[in-house]
Structures are given as C-alpha cells and as structure tokens.
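Kindly produce the complete structure, drawing on both the sequences and the hints.
Protein sequences, first through last, are from chains A and B.
Start counting the first sequence at 0; every next residue gets the next number (numbering that gives the first Met the number 0).
Start counting the second sequence at 0; every next residue gets the next number (numbering that gives the first Met the number 0).
For the record, the hints were derived by calculation from the structure and aren't laboratory data.
Don't take every hint at face value.
Which copy? The list can't say, so a pair holds if one copy fits it or any two copies do.
[As the list claims (entries may be wrong)] Taking lysine-lysine pairs in the PhoX-like style, the calculated list, with each CA pair at most 25 Å apart, reads:
id, residue 1, residue 2
1, Lys40, Lys26
2, Lys2, Lys26
3, Lys55, Lys12
4, Lys12, Lys2
Letter by letter, the chains look like this.
Number of protein chains: 2
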Amino acid sequence: MYKATVIVKKRAKILDPQGKAVEQGAKLLGFNDISKTRIGKYIEFFVNTTDFETAKNEVIAYSEKLLVNPNMEDFEYSLEKAE
Amino acid sequence: MYKATVIVKKRAKILDPQGKAVEQGAKLLGFNDISKTRIGKYIEFFVNTTDFETAKNEVIAYSEKLLVNPNMEDFEYSLEKAE
Numbered sequence: 000m001y002k003a004t005v006i007v008k009k010r011a012k013i014l015d016p017q018g019k020a021v022e023q024g025a026k027l028l029g030f031n032d033i034s035k036t037r038i039g040k041y042i043e044f045f046v047n048t049t050d051f052e053t054a055k056n057e058v059i060a061y062s063e064k065l066l067v068n069p070n071m072e073d074f075e076y077s078l079e080k081a082e
Numbered sequence: 000m001y002k003a004t005v006i007v008k009k010r011a012k013i014l015d016p017q018g019k020a021v022e023q024g025a026k027l028l029g030f031n032d033i034s035k036t037r038i039g040k041y042i043e044f045f046v047n048t049t050d051f052e053t054a055k056n057e058v059i060a061y062s063e064k065l066l067v068n069p070n071m072e073d074f075e076y077s078l079e080k081a082e
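Pasting the structure below:
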C-alpha cells in the first residue's frame with residue numbers, strides 16, 4: 000500500500016479568478032502585503048499495491064485522466080509507503 | 000519578500016463529496032487500487048515584507064480569515080525567502 004499526494008497548479012499564464020477573489024477580500028481586510036495568490040488542489044489517496052512502479056503508473060494515469068486538466072494545469076506527485 | 004505555501008485539508012471526519020465523485024470516476028475507468036481520495040487546496044502567494052515574524056503572522060491571519068473554514072478544515076503552511 001502506498002500513500003500518494005498530488006499537487007495540481009494552474010500554469011502561470013492561466014488566470015486564477017478564485018485566487019483573485021480571495022485576494023480582493025484580503026485587501027478589504029487590510030492585508031496589503033499579500034500578492035499573487037494562486038489556488039490549486041492538494042489531493043491525497045491510497046494505492047493498494049506493493050510494487051512501487053505499479054503505484055507510480057497508477058498515480059500518473061489517475062492524475063492525467065481525472066485529477067488534472069492537461070490544457071491548463073501541471074501536477075507533481077509523491078509516494079510514500081503506508082502500513 | 001517571502002513566498003508562502005498553504006495546504007488546506009478537510010478534517011478526517013468531514014465527508015469529501017468531491018473526492019468521492021472523482022474516485023467513482025476512477026472505478027469506472029478501471030482504477031480499482033485507488034481508495035480514500037481526499038481533495039484539499041494548495042495555495043501559493045507572496046508576502047511583501049522582509050521580517051519573518053511579520054510574514055508568518057500575515058500568513059496565519061490570511062489563512063484563518065479567508066483561506067480556511069475553521070469548522071471543517073485544518074491548514075499547514077511553509078515560508079521561503081524569495082528574491
């Protein structure tokens with residue numbers, strides 16, 4: 000069993016309206032030092048296999064097919080043995 | 000200037016319908032080894048100060064007021080010097 004963590008970020012050139020909205024809220028609350036807020040996804044799951052290569056391939060396939068929009072987002076992942 | 004990274008996760012006891020939905024998609028595509036998918040947020044921003052303590056306090060305040068729902072979510076952050 001492996002525990003996988005996938006971080007999904009919008010590419011630098013893609014607008015992030017959610018980040019912009021939160022940052023406007025920040026300005027209204029007086030946080031004037033905050034800039035360039037970008038909001039991505041942090042995904043955790045388990046892969047039920049004992050083989051590292053199998054786990055790695057499943058994480059990449061799962062990410063590319065369901066977790067990440069390949070037109071706008073990049074992802075990175077890490078795997079650690081669990082149990 | 001500091002670059003801040005904040006990771007927001009739903010607490011273990013809080014349902015994650017988005018994670019469940021993605022995982023159902025995974026099952027339909029034949030990923031049968033994947034389980035317990037949980038989707039959180041990964042937030043990056045810059046804090047325009049040279050003082051570490053100030054940066055830290057701003058990151059915590061910004062997180063607690065705008066990025067995190069304190070009833071359902073926990074967060075962790077990291078700060079690194081930028082420029």
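Hints the structure violates: just list their numbers, smallest first.
Checked against the structure, the only hint that fails is number 3, while the rest are satisfied.
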